[in-house]
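> Got chain A sorted already, so can you dock chains B and C onto it with the hints?
In order, the protein sequences belong to chains A, B and C. If you use the working numbering, the first sequence corresponds to residues 1 to 357, in order. If you use the working numbering, the second sequence corresponds to residues 1 to 314, in order. If you use the working numbering, the third sequence corresponds to residues 1 to 406, in order.
One should not assume that every hint holds.
Using C-beta positions, here's what the derived DEER-type ranges look like [said to hold, decoys possible]:
no., chain 1, residue 1, chain 2, residue 2, range
1, B, Leu76, C, Glu284, 43 to 53 Å
2, B, Val235, A, Pro118, 22 to 32 Å
3, C, Gly79, A, Trp98, 50 to 60 Å
4, A, Met269, C, Ala307, 33 to 43 Å
5, B, Val127, C, Lys114, 32 to 42 Å
6, A, Phe315, C, Gln153, 44 to 54 Å
7, B, Ala164, A, Pro309, 50 to 60 Å
Stretch by stretch, here's where chain C covers chain B in the computed footprint (C-beta under 8 Å, at least three residues) [to be verified]:
no., region
8, 125-138
9, 225-236
10, 263-271
11, 283-294
Because the hints were derived from the structure by calculation, they are not lab data. Being a predicted model, the structure only gives us computed values, none of them experimental. For glycine and all other residues, C-beta sits at the position ideal for the given N, C-alpha and C.
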Amino acid sequence: MADWLDKVKRNPSARWIGVALIAAALATLPIVAGEVGGRGWVRIVDFALLYVMLALGLNIVVGFAGLLDLGYIAFYAVGAYTYALLASPHFGLHLPIWLVLPLGAGMAGVFGLLLGAPTLKLRGDYLAIVTLGFGEIIRIFLNNLNAPVNITNGPQGVNRIDPISFGGFMLAKPLDVLGFSVPSVHLYYYLFLMLALLVIVVSLRLENSRIGRAWVAIREDEVAAKAMGINTRNIKLLAFAMGASFGGISGGLFAGFQGFVSPESFILMESIVVLCMVVLGGMGHIPGVILGAVLLAAMPEVFRNTIVPVQRQLFGKIVFDPEVVRMLLYGFALVLVMLFRPSGIWPSTTRKRELAS
Amino acid sequence: MGAVNLDILLQQILNGLVLGSVYALVALGYTMVYGVLGLINFAHGEVVMIGALSTLSVSRLLHNVFPGLPGPAVLLFSTLAAIPVCMLLGYAIERVAYRPLRRAPRLAPLITAIGVSILLQNVAMVVWGRGYHSFPAYVSTEPFQFFGATMTPVQVVIIAVAIAIMAGLMVLVHRTKLGRAMRATAENQSVAGLMGVDINAIISVTFVIGSALAAVAGVMVAANYSIAHYYMGFVLGLKAFTAAVLGGIGNLGGAMAGGLLLGIIESLGAGYVGDLTGGFLGSNYQDVFAFFVLIVVLVFRPSGLMGERVAERA
Amino acid sequence: MDRSRAVSFTLVALAGFGISGCGKQEPPAEAKQAAAAPGISELVVKIGHVAPLTGNIAHLGKDNENGARLAVEEINAKGVVIAGKKLKIELVGEDDQADPKTGTVVAQKLVDAKVNGVVGHLNSGTTIPASKIYADAGVPQISPSATNPTYTQQGFKTAFRVMANDVQQGKVLGNFVARNLGAKTVAIIDDRTAYGQGLADEVAKAAQAGGAKIVAREFTRNDATDFRAILTKIKGEKPDAVFYGGMDAQAGPMAKQMRQLGIKARFMSGDGACTPEFMKLAGEAAEGFYCTQAGLPLERMTDKTFADRYRKRFNAEVQIYSPYSYDAVGVLVDAMKRANSVDPAKYISELPKTSYSGLTGRVAFDEKGDVKNGAITLYETKQGKLNVLEVVGGSTDTPAAQAARK
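Just chain A, same shape as in the assembly:
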C-alpha cells in the first residue's frame, strides 16, 4: 500500500491523474450520495465538512502547539451567534455573508486571545480544565443574556436566520441549471467544500511556515523553544486565535445552514467530540485530522442506518435497541482505535521518524 502510494507520488503524470480523479470524486460526491442514499447523506456530508474545519482549527491548538483545549466549541458558538445576531430578524439586521462570516471569524479570534491570555502559564491538565470552564462560561452567557437586556434570546435561541446567499443567489433554494434542479443541500456542500479546502490550504501553509515550526517547537519543549529566541507568549496566543477563527468560520456556516441556533448546540460533549476527531485521526497530521473528522461525524449516522437492517438479517427482528447499540459501538471504536493505533489512525510519518531516532 505504502509502496504503491510512493510510486504514484513520484510519477508526475500519475499525480495529475490522481488530482483529477479526486476533484471529480469530490465534485460528484453529493450527486452520487444523493442518488444512492438520499439527501440525508448529503446533509451528513455537509456537517462532516463543518467538522473538518473545526477539527483543523483545534488541530492548530492541540496538534501543532500542544495545548490541550476542552472548550473549543465556544469559538464555534461565537461564530454561529455572530452570524445569527447580524443576519436575522432578531435585531432586524441582515448583513451580507461576506461581511458576517469574516466578522464571526474575527470575533472568535478575539475570544481565542481572551482565553489564551490568562492561561499562558498553565500546562497540560490544568489548561484542560480552564479551557473547559471557558467553553462553559461562553455557553452559559449565551444561554442567559436574554435579561435584563435581550441580546442572545437566551435558551429560546435565534430563529429564522438568513440563509447563506451571494447577491441575489440563495443557497436555501434549489438552483436550476440546464433543466436540472440542484437541491439546496448540494449547494451548501459545494460552498462548505470550498471553504474546507481553503482551511486545509491555510493549515498546510501554516504548518511549514516559521510560525508552524515555532508551534511545534513549543509543543516539543517550551523552555528550549524560548531559549532559541521564540516569543512563546505571542506564538501561543497566535495559535489560540488562529484555531479559534477556523471555529468561527465553521460556526457562521452552521448558523446559515441550520437557520436556527440555540445554546444546546454548543455543549461540552461537542468539544469532546471535536477533540476525539483530532486525536483519533492523528494529532498534528492534517490528512489524519481530516480523516478523523469525517469518520467520527459519519460513524453514528452509518450505525443509525445499518443497525436495524443488520439485526433484521441476523435475528429476523430487532433484539437490541438501535440507539444503545449505536452509542456502544461508538464507545468501543474510540477505545479500540486508541489501543491499536495510539498515535491515531493516520499519524504523521515525519513525527514517527523523529520519535524513532
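Chains B and C in isolation, oriented as in the chain A frame:
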C-alpha cells in the same frame, strides 16, 4: 437588600459544606489516580454512577429477602456489595483501557477514557433502564434544626465519611509500605521499578482503591438526593474534576479543600451574587462563578491551591 | 508537495467513505408494498417519529415513541381502508439526542425515506430547526410535546401541534396561583431550557397580571440535583408559592429539598413535572403539589383503557406525552381518511380542517397550527396521587357530536 439574614447565611454555608463534601468524595478518587499516574481518569464519574445503581439493586434485593433489616444496615451491606463491583470495574478499566497506553502519546488515554465513559453509560442504560430511580431513605432524610438552619442525618454522614476517607487515605499514603510504593511510583516509575516496586501492581491497587471510593461516593450522592440515574456520573465527575484541580490535582488534602471551596462558592454565589450585582448575575451564573474562581486561582497558583510539585503527591 | 498529495488521498478516502456509507440503505418502500395480503391489497404508509432516545430525557423520548407505536399497531389491527386499500402503517422511529443538529439530520433522513407524515420532535429546540426541512419537503409534522410558541409562528403550512403551547399553559398556571391560591408573593425557578424558561416567563407574566408579586427569580440546570442554594435564598424571601419551569427529574428532588429546608410555600410546576416519575422521586414531599397538563386527564379521556393497554404492551407506565403522540398519529390518519389519500400533498389540506376526537380531547387547529382551545388540566397531589382539580378550556365531546361525525 437589607441586612444579611444570619440564619439564611448559616444555611447557605451548610449547603455549601454538604455539596462540597460530595464533590470532595468524588474528587479524592480523581486525585488518587492522577497522583500516581498523571492521568485524568475521565471514566471515574461513571464508576460513581455504577456504584450508586448497583447499591440500589442490592438494597432492593436485601429489602425483599430480609424485610425487617433496619435502613442503615441495608445501606451498609449493599454498599459493601457494590464496592467489589466497582473495584473489579476499576481494575478492568485500567487493565484494558489505560495500561496498554502507558507509553503512548499523552492524549491517547484521554480518548479511551471518554470511550469507556460512553460505554459504561450505555451499559448502565441497558441494565437499569432510561428512567430515574428513587433512592430509598435508608438513612433518614428528615431534617433537624441546627442553630436556625436545617440539616438531615444523611448530610452529617456525608461530611463524616468524606473526612474519614480523606484521613484514611492520608494515613495509607504517608504511613504504610503500600503508600510509600505509591509515592515512589508517582515520583518516577522506572526508578521505583528498579528499587523493587511492582509498578503494575501498585497502579492496579491505586485504581481499585479509587473505584472503591467511587462506590462510596455514589451511594452518598444517591442517598443525599434520593435519586440515581445512568447519566448522573457525567456532571458529578466534571464538578469533582474541577474541585480536584482547584485544590491541586494529585494532592489529597487539596481535593478535600477544593471540593469544599467549590461547594461554598456555588452556594454563596447562587445565594448572594444576584443581590450584589443588582440582579444582573443571578443563580443562572452559578457555574460561571465557580469557573471564574478556578481561573483566578490558577492564574496566581498554576498548580492549584495546595498542589506543590514535591513528594507530597499521593 | 508531498503533503498535498497526502491530503488528496484523504479526500479520496472521504469520497469513498461517503459512497460506501450510502450503499447500506433499507430497501425502498415499493418493494415492501408488493408483498400485499391476498384479497384486499395493502397500502403501506410510513410515519416517522422523532424523540431523544439517548441522554437525560431518554425516558420521555421512549414514552413518546411508545404512544405513537401503540396507535400505529391499533390502527393496523383495526384495518382502516383508504382508496380501496387496507392501510398498513410502518413507524420509522428515530433518535435526535435532543440535539438540534442531529434533529435536522434525522428529519432529512425521514424525508428521504419518503415518510407520509411525522410525529415529533419532543423538544422545542429540535422541533423548530427540523420543521423547516419538513416544510420544504411538504411533509406534515405534528409535535406531541414541543410547547415553544415559535414553532407554529414560522408560517409553515406543515407544522402542527396537539399540545397547548407555553403561553396557553402559562396563563392558566399564573392565573391559578394568583387568583385561586391567592398567593401574594411568588418565587419562580426555571432550568434554562427553551421549555422551562419559556413557561416560567409566561407564568410570571400571568401571575403579575393577577396581582401577585414575583419576589425571587432563580435558575438551575436541567441536569442538576442540588437546589439547596437557590431554595435557601427563596426561603429568605418567604413566598406564598414557588413555581418551577422544568422537568420531573429536577422537580422531584427539588420538592424534597424544599421540605428539608422547611419551606412552607405551595410548590407547583408545568406538564414537564406532572408525571408519575415526579411522584416517585418526590415521595412524601409531593403532597400538596400543583401542576398542569395540557389536554384532558387520563381518567377523563374518551378512552379510559389507554393506560392499561399501554402498560400491557410496553410493561411501563405512561409518562407525559404518549397520549399526545398517540393522538398525533390518529390526527394524521384521520386527515388521510378524509382526503382518501396518503399523499402528503393531498391530505395536508385536510389537516387544518381537523376535528378529531382523541384521547386528549377534541383536536382542532387554529390558523397557525396550534391546537384550538386546548384543554388544560390542573392537578393537585393528595395522598400520593395526582388528582384532577379543574379542567380549563377544551370543548366537551358529547355523544351527539360524536354521532354527528360518524
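> Run every hint past the structure and note whether it holds.
Status of the hints after comparison with the structure:
1. Leu76/B / Glu284/C: 43 to 53 Å: 24 Å, violated
2. Val235/B / Pro118/A: 22 to 32 Å: For Val235/B and Pro118/A the Cβ distance comes to about 25 Å; the hint holds.
3. Gly79/C / Trp98/A: 50 to 60 Å: For Trp98/A against Gly79/C, whose Cβ atoms are near 59 Å apart, the range 50 to 60 Å holds.
4. Met269/A / Ala307/C: 33 to 43 Å: 35 Å, holds
5. Val127/B / Lys114/C: 32 to 42 Å: For Val127/B and Lys114/C the Cβ distance comes to about 37 Å; the hint holds.
6. Phe315/A / Gln153/C: 44 to 54 Å: Distance hint for Phe315/A, Gln153/C holds at roughly 45 Å.
7. Ala164/B / Pro309/A: 50 to 60 Å: For Pro309/A against Ala164/B, whose Cβ atoms are near 54 Å apart, the range 50 to 60 Å holds.
8. 125-138: holds (count 7)
9. 225-236: holds (count 8)
10. 263-271: holds (count 6)
11. 283-294: holds (count 4)
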